[in-house]
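Peer 1: Residues per chain, in single letters:
2 protein chains.
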Amino acid sequence: MRDARDTKDQILDAAERLFAAEGFGATSLRRILGDVGLNPAAIHYHFGGKDEMVEALFERRLGPLNAERMRRFDALETRAGAAPTVASIVDAFISPALAPAARGEEGERFLRFVGRYLQESGEAASARLRRTFEPVIRRFVDLLARALPELRGEALAWRVHFLVGAMFHSMTCREHVSWLCGGVPSVSLERAREELIAFASAGLSAPALHAAELRS
Amino acid sequence: MRDARDTKDQILDAAERLFAAEGFGATSLRRILGDVGLNPAAIHYHFGGKDEMVEALFERRLGPLNAERMRRFDALETRAGAAPTVASIVDAFISPALAPAARGEEGERFLRFVGRYLQESGEAASARLRRTFEPVIRRFVDLLARALPELRGEALAWRVHFLVGAMFHSMTCREHVSWLCGGVPSVSLERAREELIAFASAGLSAPALHAAELRS
DNA sequence: GTCTATATCCTGATAGAC
DNA sequence: GTCTATCAGGATATAGAC
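Heads up: the protein sequence lines correspond to chains D and W, in order.
Quick note: the first sequence, position 75, residue 75 per this note's numbering, numbers continuous.
In this note's numbering, each residue's number is its place in the second sequence (first place is 1) plus 1000.
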């Protein structure tokens, strides 16, 4: 009746939009396929199930995104002479995700979805995300470890974890920022990208904690 | 058959445990009430519905938690002479939530649940959380604004938003930290609290961004 | 006052129509 | 190859048993 390629993309578009808006668990196949004008069960022909559709959603966007991050990491490492700054490493990790989000609806939708999925999902999803992200995260952590030699394993891990949390939260609960700053109706995602780089770089660069400095 | 007070608390305990472990949308009343040995529909007698039960869950813990934050803010403001440091303000906001979590399962469970709920939920839940948190967040932002006079409205709002995101993410996806730092089996939540205070204080204190300093 | 039997709707998935 | 009719079970909620 219509081209399968188009149909698949239409389904993924609708799914991404609804997952971002309502959450993963709250969005039924019925709703998604209804938006495309198909029977709920069509999902099984095109993808195999709800979980497999999520996998397709990830692959469609995460491949290019993580490839871009790797390219930027490469560029930082091969730049002769200057060792990369913490801010430039953070920029290479954050901007491929947040710059498209700042440019338009589509990029933002995907990040909102990933953020929600990350929180909602159980072990299986966690493992899936880990498989996808591990190479790029490990590279990121290695670069940071060289730029911040005083930061030991667990400290660096927590701080990277905070950065990731801040990044996703910035997308998924963006509306909170409007009332946080006293009712500015529309906040800028480009601004968020810049502030996050500044915030996270400074946070990562904070002095390492030693037993003696711990506060109550 | 048994005391209603006990039953209510048993239901809330089971709900909190399951919400934290599996997520809000993924946890059915069937499952929760089954753990307590009751029919799923008993929820309607005790609370009125799933949403009202969530409200009760929040009230049980958030009241004391936010009251403690307010007490700490008061203590900072009335301390004669010294204006409070950024780190001490951040500590007053974070520690009442994270110190109980570090001390035991129960405190951690609640934070995991709130973090997941915050991400999963739509407008209604967002509004509910806003009503509960607005006074304490506004106080927090005001204190920070005085300690960081160079940080204007939207910049401060984004950075506080990052802090909140980092805080919840640190709880909800804690297992990720283990592999981030190369497989340390058990990471310390007390360590997370200390690192988060250092990370967020430094991030908030990063120089304000002006148009001229923006990077690609 | 405390809880259960039951109803209704909605979920994702199997099997089969075109 | 593409999609739909239908299914079995799970979701919350109403009405009523004890």
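The hints are simulated quantities; they were obtained by calculation from the structure and are not laboratory data.
What you are looking at is a predicted structure, and each value in this text was computed from that prediction instead of being measured.
Heads up, the beta-carbon is just placed ideally off N, CA and C, and yes, glycines get one too.
It is possible that some hints are incorrect.
[Stated by the list, open to error] The following label-pair restraints were derived from C-beta to C-beta distances:
(1) LYS1050/W with THR78/D: 51 to 57 angstroms
(2) PRO1185/W with GLU150/D: 21 to 27 angstroms
(3) ALA1124/W with PRO185/D: 35 to 41 angstroms
(4) PRO1149/W with GLU150/D: 29 to 35 angstroms
(5) HIS44/D with ALA1145/W: 19 to 25 angstroms
[Said to hold, decoys possible] Covered by chain D, according to a simulated footprint, are these stretches of chain W (three or more residues, beta-carbon under 8 angstroms):
(6) 1040 to 1052
(7) 1057 to 1069
(8) 1073 to 1079
(9) 1125 to 1138
(10) 1142 to 1156
(11) 1168 to 1174
(12) 1188 to 1198
Peer 1: Please go over all the hints and tell whether each is borne out by the structure.
Peer 2: Now the hints, each set against the structure:
1. LYS1050/W with THR78/D: 51 to 57 angstroms: Once the Cβ atoms are compared, 55 angstroms apart, the range 51 to 57 angstroms for THR78/D and LYS1050/W holds.
2. PRO1185/W with GLU150/D: 21 to 27 angstroms: For GLU150/D against PRO1185/W, whose Cβ atoms are near 24 angstroms apart, the range 21 to 27 angstroms holds.
3. ALA1124/W with PRO185/D: 35 to 41 angstroms: 21 angstroms, violated
4. PRO1149/W with GLU150/D: 29 to 35 angstroms: 30 angstroms, holds
5. HIS44/D with ALA1145/W: 19 to 25 angstroms: 54 angstroms, violated
6. 1040 to 1052: violated (count 0)
7. 1057 to 1069: As far as the region 1057 to 1069 of chain W goes, the hint is violated, because 0 residues have Cβ atoms under 8 angstroms from chain D.
8. 1073 to 1079: With 0 residues close enough to chain D, the hint is violated.
9. 1125 to 1138: holds (count 4)
10. 1142 to 1156: It holds: at least three residues are needed, and the region 1142 to 1156 of chain W offers 4 whose Cβ sits within less than 8 angstroms of chain D.
11. 1168 to 1174: holds (count 5)
12. 1188 to 1198: Answer holds; 8 residues pass the 8 angstroms Cβ test.
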